[in-house]
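Take a look at the letters that make up each chain.
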Amino acid sequence: MSEHGVIASIRNVGHWTTNAVLRLGIATRFFTLTLLHSGTSFRRPRLIVRELYFSGVLSLIIILVSGLFVGMVLGFQGFHTLQTYGSESALGVLVALSLVRELGPVVAGLLFASRAGSAMTAEIGLMKATEQLSAMEMMAVDPIARVVAPRFWAGVISMPLLAAMFSAMGVFGGYLVGVVLIGVDEGSFWSQMQSAVDFREDILNGVIKSFVFGIAITWIALFEGYDAPPTAEGVSGATTRTVVTSSLVILGLDFILTSFMFRGQ
Amino acid sequence: MERSTLDVWVGLFVCAGIGALLVLALKVGNMSGFSAADTYRVKAQFDNIGGLKVRAPVKSAGVVVGRVSDIQFNNSQFRAEVTMSVDKHYQFPKDTSASILTSGLLGEQYVGLDAGGDEAMLKDGDSITLTQSAVVLEKMISQFLYNKAAEGNTSK
Numbered sequence: 001m002s003e004h005g006v007i008a009s010i011r012n013v014g015h016w017t018t019n020a021v022l023r024l025g026i027a028t029r030f031f032t033l034t035l036l037h038s039g040t041s042f043r044r045p046r047l048i049v050r051e052l053y054f055s056g057v058l059s060l061i062i063i064l065v066s067g068l069f070v071g072m073v074l075g076f077q078g079f080h081t082l083q084t085y086g087s088e089s090a091l092g093v094l095v096a097l098s099l100v101r102e103l104g105p106v107v108a109g110l111l112f113a114s115r116a117g118s119a120m121t122a123e124i125g126l127m128k129a130t131e132q133l134s135a136m137e138m139m140a141v142d143p144i145a146r147v148v149a150p151r152f153w154a155g156v157i158s159m160p161l162l163a164a165m166f167s168a169m170g171v172f173g174g175y176l177v178g179v180v181l182i183g184v185d186e187g188s189f190w191s192q193m194q195s196a197v198d199f200r201e202d203i204l205n206g207v208i209k210s211f212v213f214g215i216a217i218t219w220i221a222l223f224e225g226y227d228a229p230p231t232a233e234g235v236s237g238a239t240t241r242t243v244v245t246s247s248l249v250i251l252g253l254d255f256i257l258t259s260f261m262f263r264g265q
Numbered sequence: 001m002e003r004s005t006l007d008v009w010v011g012l013f014v015c016a017g018i019g020a021l022l023v024l025a026l027k028v029g030n031m032s033g034f035s036a037a038d039t040y041r042v043k044a045q046f047d048n049i050g051g052l053k054v055r056a057p058v059k060s061a062g063v064v065v066g067r068v069s070d071i072q073f074n075n076s077q078f079r080a081e082v083t084m085s086v087d088k089h090y091q092f093p094k095d096t097s098a099s100i101l102t103s104g105l106l107g108e109q110y111v112g113l114d115a116g117g118d119e120a121m122l123k124d125g126d127s128i129t130l131t132q133s134a135v136v137l138e139k140m141i142s143q144f145l146y147n148k149a150a151e152g153n154t155s156k
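Those protein sequences? They're chains A and B, same order as listed.
Under the working numbering, the first sequence has 195 at position 195, and the numbering climbs by one with no breaks.
Under the working numbering, the second sequence has 10 at position 10, and the numbering climbs by one with no breaks.
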């Protein structure tokens with residue numbers, strides 16, 4: 001009895017592994033197809049604009065509000081810690097660097113995955129379940145060119161913009177708490193921040209990070225939707241997988257990118 | 001009709017995103033800062049630069065007058081060669097001395113310039129000969145202990 005259990009669990013591991021490799025292969029082919037069919041969506045920018053509205057504009061509120069609050073919390077916590085060393089004037093540096101380098105891209109990416117990524121998966125999964133994608137193919141319209149590629153480019157464009165807004169809002173939140181509420185000297189808050197934050201090293205690297213996260217999130221969301229079993233259960237499972245997988249991928253990619261970008265410092 | 005309002009929102013969104021990037025670049029970063037000004041380069045050799053880094057400030061009388069642009073090891077003299085970019089608005093005499101100082105107890109290190117009395121001014125590519133190295137805590141402590149031990153021997 002127990003022997004059977006052991007064998008079954010080993011078999012499960014094998015099945016899970018081959019399945020994961022297979023899905024990764026399909027996902028890569030899907031990604032290449034999306035890139036190859038992107039020409040249509042660039043010739044018809046209207047399609048991208050429409051998706052920018054759904055994935056970008058509608059994510060604005062959650063991004064801006066979370067950015068503000070993350071910045072305000074950083075202001076409180078940073079002040080509390082820096083006070084022990086008598087260097088409250090470095091509060092601006094702490095808030096700006098942690099937002100621009102890490103929190104901006106990563107938290108904005110996590111929010112984007114759960115706000116826009118899940119919506120993309122659900123939409124495409126339902127399109128597949130209600131056979132809209134098959135109907136398109138019947139009319140000789142390529143669903144990848146018409147449905148997938150515009151969403152992909154909209155996600156890739158909006159992610160860096162959202163991360164930049166998140167960081168800017170966070171710095172403003174840190175300023176509100178640090179300078180307006182607690183009373184850190186305004187001059188040293190901004191001047192120390194400006195002398196410590198480098199445009200290429202910090203801000204551009206943050207933008208590159210958010211760009212990479214944008215590609216990863218939209219790729220995962222679109223693939224999960226496109227690959228979802230055409231049932232209610234399948235779509236709900238795919239939506240969950242989108243959020244879980246893209247969150248893990250963001251954190252893993254963030255570690256890799258950070259170790260490349262900030263190694264020698 | 002529905003589409004045009006959608007376009008307006010997307011336009012606003014993209015503008016806000018680019019605006020946020022500009023704010024980060026100009027207000028948070030130092031794009032607007034010192035680097036844009038005209039500078040001249042001055043070299044100085046130190047026995048030990050401690051923890052000095054590229055882009056550390058160069059100060060005179062507490063005012064930032066430039067930045068460290070390059071740090072090299074001079075293999076013929078076995079000393080550290082620090083290149084500084086100093087703002088053209090600030091001219092210093094030839095016999096100006098440079099020392100590596102620390103802001104606060106645990107703060108960042110910077111190069112301090114003390115003006116001399118020479119008539120001629122430093123030009124682009126000149127070197128500062130009077131330099132003072134960074135204070136290395138371990139050396140100071142060992143010197144202190146050594147002196148203490150020496151004192152103990154003589155008093156016996």
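Think of the hints as simulated: they come from the structure by calculation, not from any bench.
Small disclaimer: the values here were computed from a predicted structure and weren't measured.
Glycine included, C-beta positions come from ideal geometry on N, C-alpha and C.
Treat each hint with caution, since some may be false.
[What the hints assert, rightly or not] Listed next, the in silico DMTMM-like pairs over lysine to aspartate or glutamate satisfying Cα-Cα at most 20 Å (straight line):
id : chain 1 : residue 1 : chain 2 : residue 2
1  : B       : Lys88     : B       : Asp114
2  : B       : Lys27     : A       : Glu201
3  : B       : Lys27     : A       : Asp198
[Stated by the list, open to error] Residues on chain B that point at chain A, a partial pick, calculated with CB under 7 Å:
id : residue
4  : Leu6
5  : Trp9
6  : Val23
7  : Gly29
8  : Val136
9  : Leu137
Going through the hints against the structure:
1. For a cut-off of 20 Å, the pair hint linking Lys88 (chain B) to Asp114 (chain B) stands: about 17 Å separates their Cα positions.
2. About 16 Å separates the Cα atoms of Lys27 (chain B) and Glu201 (chain A), which keeps this hinted pair within 20 Å; it holds.
3. In summary, the hint linking Lys27 (chain B) to Asp198 (chain A) is supported, as the alpha carbons are separated by about 11 Å, within the 20 Å threshold.
4. Contact between Leu6 (chain B) and chain A, as hinted, is supported at the beta carbon level, the nearest pair being about 5 Å apart and thus within 7 Å.
5. Taking 7 Å as the C-beta cut-off, the interface hint given for Trp9 (chain B) holds, the closest approach to chain A being about 5 Å.
6. Below 7 Å, beta-carbon pairs count as interface contacts, and Val23 (chain B) has one with chain A at about 5 Å; its hint therefore holds.
7. Taking 7 Å as the C-beta cut-off, the interface hint given for Gly29 (chain B) holds, the closest approach to chain A being about 4 Å.
8. A distance limit of 7 Å between C-beta atoms decides the matter here; for Val136 (chain B) the minimum to chain A is near 21 Å, and the interface restraint is violated.
9. For Leu137 (chain B), the shortest C-beta to C-beta distance to chain A is roughly 17 Å, which exceeds 7 Å, and the interface hint is violated.
Going through the hint list in order, the structure does not satisfy hints 8, 9.
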